[in-house]
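Peer 1: Please build the complex by placing chain A on the supplied structure of chain L, with the hints as guidance.
Number of protein chains: 2
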Amino acid sequence: MKKRPLIFVTNDDGVEAPGIEALIKVMRELGDVKVVAPLHPMSGTGHAVTAREPLRLKLLEKIDGFEKYACTGTPVDCVKLGEQFVIKGKPDLMVSGINHGSNSAVNIVYSGTMAAALESAIGGVPSIGFSLLDYSHDADFSHCDAFIKKITEKVLSDGLPKDICLNVNIPAINGSEIKGIKVCRQARSRWVEDYELRVDPAQKEYFWLRGTFELLEDHPETDEWALRNNYVSVVPVHFDLTAHHFLEHFKHWENHA
Amino acid sequence: MKKRPLIFVTNDDGVEAPGIEALIKVMRELGDVKVVAPLHPMSGTGHAVTAREPLRLKLLEKIDGFEKYACTGTPVDCVKLGEQFVIKGKPDLMVSGINHGSNSAVNIVYSGTMAAALESAIGGVPSIGFSLLDYSHDADFSHCDAFIKKITEKVLSDGLPKDICLNVNIPAINGSEIKGIKVCRQARSRWVEDYELRVDPAQKEYFWLRGTFELLEDHPETDEWALRNNYVSVVPVHFDLTAHHFLEHFKHWENHA
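Residue numbers (the numbering used here), protein chains in the order written: chain L, 1 to 257; chain A, 258 to 514.
Please keep in mind that the hints were generated in silico from the structure rather than gathered at the bench.
From a predicted model like this one, the values you see are computed outputs, not experimental measurements.
Treat the hints loosely; a few may be bogus.
To be verified - Partial selection, computed: residues in chain A whose CB lies under 8 Å from chain L: (1) L312; (2) L316; (3) G437; (4) F464.
Note that CB positions come from ideal geometry on N, CA and C, so glycine has one too.
Bound-form chain L, shown alone (with noise of 0.2 Å):
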């Protein structure tokens, strides 16, 4: 008999979130499932890592096959920590989600969720990340298992390439009118910044973010329009920064060192 693959599951909402548990719940029908989530909603944190600070584990649920914890860190420490003392090594695959509001276009800089994917493949790990375009905490997840099934299956058979992970987002619509999957390139875009000054009770000022997304292209081939145009969005996402298009560039730069 074929031996159940080990999926750990994290996400960027925080371990109470509903869209986790929807991740979970598809995950225990494919194989045998450890999570380690952060305590606290750590959506917005990116890539980021705790180094100064200690970190904690709390136990939350252990049944055969199953494992949950807290833990009191970003999404990249999950995964960090969590291979070191969850997993014991690697598992064959990471999934991460389900992200309560899109990681499409530029948000992927932005997102725990994407952090904790990208992680797990610096690591060699087979790793995908989840997102609902609902920012909700009550948002209907019921069209996205048959998709989550679908995408995972295939990551758990063919695999991945080396070094690359992948951005599924998923429209928030009733799965009927969901047309397919696109595979698609990120979209350019930014958020335009506009915070609130305030003023507190004790007359000093400060600031609360607020932002509006804005698309700058539409283009078919990108993970926006496929989204509009009802499609779930599959980005393959590698963590090379560098923009080798213009490597040539700037090679004159050398001479005038």
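Peer 2: Relative to the frame of chain L, chain A by itself:
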């Protein structure tokens, strides 16, 4: 007379670090300078952004052509908040550093220094992150000046291609030994985690991160090779994490939806 450029300076080691003082010194020779840097050390915070907490700004110094503020947030917060309330628009250039320690190879994904540069680039501002390969507080930055000045002047005169910023690392040796500038790609590497398990006075376990940097290649095209051979490494960096060379590889998934 040509207008002096407006240069925005930040870092991740905190506004009181000697590295940012060294960078400010060089920048004040080249233009008007506004500094918004973290109140506390923030290295390893990656692209974290503060959304659930308010931020504060504290004016530390203001003289003709120079302003310095501390911000309670991360390096990315400093860029976002600084542009809105200190610069009140976009600067001509953003520089980040000088980081106490290397940001070569995979370290770029954990680096607050480079996250600030990437954040500026997302907003369309030419930006450069500078790092010295010496983690100590008392690091000698004196040999960095000439290289930083040369690279900054080049960017001020020529600009940078759209969506590209620079990751500059400087060996920790005497200036006379540095062979020059090398334009490189990011080396393949990773951190191998090794948390120390300790027990607190209440007999509860906690974990403290230490780690070993593992270089997985030493190709002459890489930043690690350049640095080990006493060159200043310049890596052009972008924020599109799409693995474009693997889009075709996954294309057949679309038929399985």
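Peer 1: A separate judgement is required for each hint: does it hold in the structure or not?
Peer 2: Results of checking the hints against the structure:
no. : hint : in the structure
1   : L312 : holds, 5 Å
2   : L316 : violated, 11 Å
3   : G437 : holds, 3 Å
4   : F464 : holds, 5 Å
Hint 2 from the list above is the single one not met by this structure.
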